[in-house]
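**Q** Sequence:
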Amino acid sequence: MNQHDHGNRRGFTWKIFLLWVLSLLWAGAGWAETGIRYDVRLEGDVEPSLREDLEFISNTAGTKDRPPATIVQLQRRADDDVPVFIQVLRSQGYYEAVVEVSLDEEKDPVMVAFRIQPGPPYLLRSIRMEVPPGYQPAEKDLPSPQDIGLVPGERARAAVIVGAQENLVLRMKRKGYAFARVVDRHVIVDHEAKGVFVTFTLDPGQVARFGATEVSGLESVKEDYIQKLVKWKQGDRFDVDLLTDLQKRLTETGLFSMIQVNHAEKVDDRGLLPISVVLRERKHRSVGAGVRYFTDEGVGVKFSWEDRNLFNRGERLYVGVIASETTYTGEASFRKPAFLRDDQLLQLSFKLADDDTDAYTSRNMQMAALVDRELSKEMRVGAGPEFRVATVDDAIRDNQDFALISFPSYFKWDTTDNLLDPTRGGRFAIQGAPFLDTLGTDLSFFKALVSYSRYQKLVESPFILLAGRVAVGSISGADRDSIPADIRFYSGGGGSVRGYSYQSIGPLIDGQPVGGSSVFEVSAELRTRITGNIGIVVFLDGGGVFDSAYPDFDQTIRWGTGAGLRYFTPIGPLRFDVGFPLNRRSVVDDAFQIYLSLGQAF
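Count the sequence shown with this note's numbering and you get residues 193 to 794, in order.
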């Protein structure tokens, strides 16, 4: 055989191989096209949330895009769902559930019907908590069934029972039993009584009291500062929540890249439990930059520098500049924790600003000293003097000078779980300040603002959250025109009523906003996640600004609506919103507004 014949044969072999591969691909495509197309229907008296769970867990419903080749395979696929459905129904307290499946081959696509008969719900009849012999003193510290989430007479859900076991251990660890554990969970299903009887056997272990707190890993941070963050004293009864609280406080300092707060494996001879705090310091100086875009305010950029450990005890020095189409601002602040007492901090601030908005222009300087005190993990109060000088120009008065002394104070109550992306809890704030002009005028007034926001999860899967916000503000003691334009209330924009340009809601003079002596704002927003990092929101905002010292609801409230995207990052969600004015003023309001920034709208 010559080389030419060998080459021809090799080429012929490759052609045969390619034809074989193409035939397989064509056959695969043909199989996909000729597979048994079908739909899935769940029949029966099943509550909506449980129906959603069954649809989510169903392999038949989840693989509709990969149809089986034969009816037999489809029947097998559907049959495999039946025991899974039964298991889910039993976990929800339906221990007599019956599930049947049928295929209607006369329909195109084939209809796969699951007929579900949940049966009567089994209820929690008895919840008992027992301790082994020798641990009877712990019985007085046992929580009630309601305390751990089990209510006699409610439907017996497996997840709730398992969660109650975890709650039982946590409750005991809060009461000094650092080594508490459930050694047995006994669940009896009584089909005659149609009830469930639950017994937890708890080994509480020895009651522990806090021992010495040992801190390691420090380099420049002084240990006495760390010890001031510890909210227990040696000899206090152990409470696991205080360890969690210390971990959170250490994280909030921004000083450490690693934080471990643990207790020893056993108590010492005196019943004391040593605590170890292992830390690794991070760099204490950082620079930052940020950018945002609002249709009404244009592009804004921010640059900052910060030292979080200026004098080695968590003192924080911050310097920042902001530049946008509406403001040029330079600011500096110094914060000292543990000022005069461990739960108190001092903050000194200085700010220079040149503001140029549609409502006014203002060149101002502001100096303030604030003392902030922590009342509890959720509540804070603060107060301190402030001095402000400004030259303000607006549609009412030209280039008016002010030198105002004020004494702002506030009370804040925050039960949310995240600063930039809360998913539960609420935020309440009330703040007020008396103002007095020192330039020989009789101008004095009092400014107050009350706000509340709430975050309520509606559905766990898919995640749907309802967020709401309401705010009311008032300035009393002087008429609107006497109050400096840059202190009056305004509304409209990405932080208040979306769909309207910045500060545009309220009274106008020659088309220019002039603000008011009172304000009212309300917002509602539905938030959901469509993937791990992508979310969608729809919102409705409303607001009004009024000449009078208190909101006048006989006047027009401006409403805006729209939708937005959220991209979730480790530092918070990136926000992209498009808002539309519902009662648009043809001369003043654009058809829509766009907002791009970091963090949720509220």
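Any given hint might turn out to be false.
[Unchecked claim] Computed spacing ranges between beta-carbons, pair by pair:
id, residue 1, residue 2, range
1, GLU411, THR633, 12 to 22 Å
2, VAL381, VAL264, 34 to 44 Å
3, THR393, TRP497, 17 to 27 Å
4, PRO344, PHE638, 52 to 62 Å
[Stated by the list, open to error] As a list, the in silico SDA-like pairs of lysine to any residue whose alpha-carbon atoms are at most 20 Å apart:
id, residue 1, residue 2
5, LYS543, PHE495
6, LYS420, PHE495
7, LYS440, LEU362
8, LYS475, LYS423
9, LYS604, VAL642
10, LYS332, VAL291
11, LYS420, VAL399
12, LYS256, GLU239
13, LYS543, LYS604
Bear in mind the hints are in silico, worked out from the structure with no lab data behind them.
Predicted model, so just to flag it, every value in this text is computed and none were measured.
We treat Cβ as the ideally placed atom computed from N, Cα and C, and that holds for glycine.
**Q** If any of the earlier hints don't hold here, list their numbers in rising order.
**A** Numbers 1, 3, 6, 8, 10, 11, 12, 13, in rising order.
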